[in-house]
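S.K.: We have chain Y already, so just place chain V on it with the hints.
Going down the list, the sequences are from chains Y and V.
Using the numbering used here, the letters of the first sequence correspond one by one to residues 1 to 301.
Using the numbering used here, the letters of the second sequence correspond one by one to residues 1 to 301.
None of these hints come from the bench; they were simulated from the model.
Worth double-checking, as some hints may not be accurate.
Any copy will do: because identical chains look the same in the list, a pair fits if it lies in one copy or spans two.
Unchecked claim - Below, simulated SDA-like cross-link-like pairs (lysine to any residue); rule was C-alpha separation at most 20 angstroms, straight line:
1) Lys265 x Ala181
2) Lys252 x Asn35
3) Lys252 x Pro31
4) Lys10 x Gln287
5) Lys215 x Ala181
6) Lys252 x Glu112
7) Lys252 x Asp111
8) Lys265 x Gly235
9) Lys10 x Val177
10) Lys252 x Pro32
11) Lys265 x Ile233
12) Lys215 x Asp97
13) Lys215 x Ala104
14) Lys50 x Arg28
15) Lys252 x Glu33
16) Lys50 x Ser257
17) Lys265 x Gly65
2 protein chains.
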Amino acid sequence: MSADQPFKAKLTRYQQRIDAALDRCLPRDDPPEHNLAEAIRYSVLGGSGKRIRPAMVYAAGEAIGVDSASLDAPACAVEMIHAYSLIHDDLPAMDNDDLRRGRATCHRAFDEATAILAGDALQALAYEILTDGHYTRLPLETRIAMLRLLTRASGAHGMAGGQAVDLASVGMQLNLVQLEAMHRLKTGALIRASILLGAMCNPEVSSAEFDMLDKYSQCIGLSFQIVDDILDIIGDTETLGKPQGSDMAQAKPTYPSVLGIEASKQRALDQHAQALAHIAPLGARAQSLRELSSYIVEREF
Amino acid sequence: MSADQPFKAKLTRYQQRIDAALDRCLPRDDPPEHNLAEAIRYSVLGGSGKRIRPAMVYAAGEAIGVDSASLDAPACAVEMIHAYSLIHDDLPAMDNDDLRRGRATCHRAFDEATAILAGDALQALAYEILTDGHYTRLPLETRIAMLRLLTRASGAHGMAGGQAVDLASVGMQLNLVQLEAMHRLKTGALIRASILLGAMCNPEVSSAEFDMLDKYSQCIGLSFQIVDDILDIIGDTETLGKPQGSDMAQAKPTYPSVLGIEASKQRALDQHAQALAHIAPLGARAQSLRELSSYIVEREF
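Pulled out of the complex, with its shape left as it was, chain Y reads as follows (with noise of 0.2 angstroms):
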């Protein structure tokens, strides 16, 4: 399999906008004292981030008519919450990573304190966001849906929970239960929610819609947790923007080192089909759906 062109053209349009909405909602003009502001545009914008969540936010929303310009809004929070939790992720008390995206991870462009304040910063503005009527024009059930979804997926009971889990777990051998469970709230939980925020987009969404993109973005949440773990084993550097082999580095449980390789990818492509079923229903206009889900298990193999 490759990757099919309309969808890399169609991702980069993705990219195109979400980077011009993050560009307007991010702060700029920061004090003379401190580059706060900076600091966050250098870890947002710029670098090679693929912005795949905000893509599933475009693609969900495609699929149930939503218009794009609704979709900004969400969007950017959830790329905003992604950032925010690989500037924290990388800082020296928990992977401490000197690269990310291709550059230099924040704390060592800036420093630890201003790596910190900026994630915390990063983290209140995506729910701004979402309450702003400058940024959005759902209604207001809508938003606080949102929120509430956004926020579950952000804490202690979603990636910060999950975060957690993935430190305590270096040097441990998990098994399947215990590492499905631990990627369903690091990754998977902003996975889910960016597919979901979309849908909400459209507040007549039926419940059965809903109901499938919930399933959709539980199998490409793991087939995407899956491949990274492939793909550090078996990347360059430049394709991954971090050093290859750090998790094994860090002595981290990963889906190679619990099933192996092949089998890795065979439960990749598993998850793949499982995320096409689920959302064959809504026919045509959840093709960016698909292709989507075809990019992650496609990132290398």
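M.R.: Only chain V this time, still in chain Y's reference frame:
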């Protein structure tokens, strides 16, 4: 002057009320792998926290006729934002404090990674509480307005921005204008939000009342910081819950370093008098706000 007994009894009731509300909202039951919920509960509950920001929410709500039950959610939210900021500010890369609220700081009692994640998860939870129909029955429009206010007060243009200025100011001599600009962000923004969130719980609050409370909040925000700076010099570790002299040890600019102690005291009393003048038209129902302003400046003189 000395704080009067009736207000101390009232403050104790506020403290009991917020502690019970926080206990209901905070996560519990960690999985076997980590102790994120334990670190969160350790940092928020117990210790010698005065709960002054929740008291502001309750007192402001009382002043415009809001029942206490409606005020629990915003009171929890501001205390969670405050607690998360303390956890992160205490980190080695920031203020590097070992003692907080009379106990080991979060990163000393647990570890740095857990402290970063506990702060991150608390920030998400603070906003989640305001979205959740289980914790608040306020109209959707009010909840969105509260979230907009609180996210802005916490982010790059509020508390996080103020902390960035604070860190950049170590060893520098600021003038009064610069010092107040810093504190308006670092502590003032969340104190203002605490008062205004209480006011917003009455959707019928008039713009005149809101404006009075806004001005009041800015006065008590400054008097609070001035007294904090004075206490850092003349208080003892038991009163402060942290080592006395830590601002001086870190060469941070403070009101006493800019104005001297006596002029700083006078400035705090001036702010107190102005705070009272702003809320005079609210009459008897603003009694708790008056007592709160007295309490803030009477903590030490």
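S.K.: If a hint holds in the structure, say so; if it does not, say that too.
M.R.: For each hint, the structure was consulted:
no., hint, in the structure
1, Lys265 x Ala181, "within (19 angstroms within a copy, 56 angstroms between copies)"
2, Lys252 x Asn35, "between (34 angstroms within a copy, 19 angstroms between copies)"
3, Lys252 x Pro31, "between (41 angstroms within a copy, 18 angstroms between copies)"
4, Lys10 x Gln287, "within (11 angstroms within a copy, 61 angstroms between copies)"
5, Lys215 x Ala181, "within (16 angstroms within a copy, 49 angstroms between copies)"
6, Lys252 x Glu112, "between (24 angstroms within a copy, 19 angstroms between copies)"
7, Lys252 x Asp111, "between (26 angstroms within a copy, 19 angstroms between copies)"
8, Lys265 x Gly235, "within (14 angstroms within a copy, 63 angstroms between copies)"
9, Lys10 x Val177, "neither (35 angstroms within a copy, 51 angstroms between copies)"
10, Lys252 x Pro32, "between (41 angstroms within a copy, 17 angstroms between copies)"
11, Lys265 x Ile233, "within (12 angstroms within a copy, 63 angstroms between copies)"
12, Lys215 x Asp97, "neither (33 angstroms within a copy, 45 angstroms between copies)"
13, Lys215 x Ala104, "neither (36 angstroms within a copy, 44 angstroms between copies)"
14, Lys50 x Arg28, "neither (23 angstroms within a copy, 36 angstroms between copies)"
15, Lys252 x Glu33, "between (39 angstroms within a copy, 14 angstroms between copies)"
16, Lys50 x Ser257, "neither (26 angstroms within a copy, 49 angstroms between copies)"
17, Lys265 x Gly65, "neither (33 angstroms within a copy, 62 angstroms between copies)"
Figure legend: structure checked against the earlier numbered hints; hints not met, in rising order: 9, 12, 13, 14, 16 and 17.
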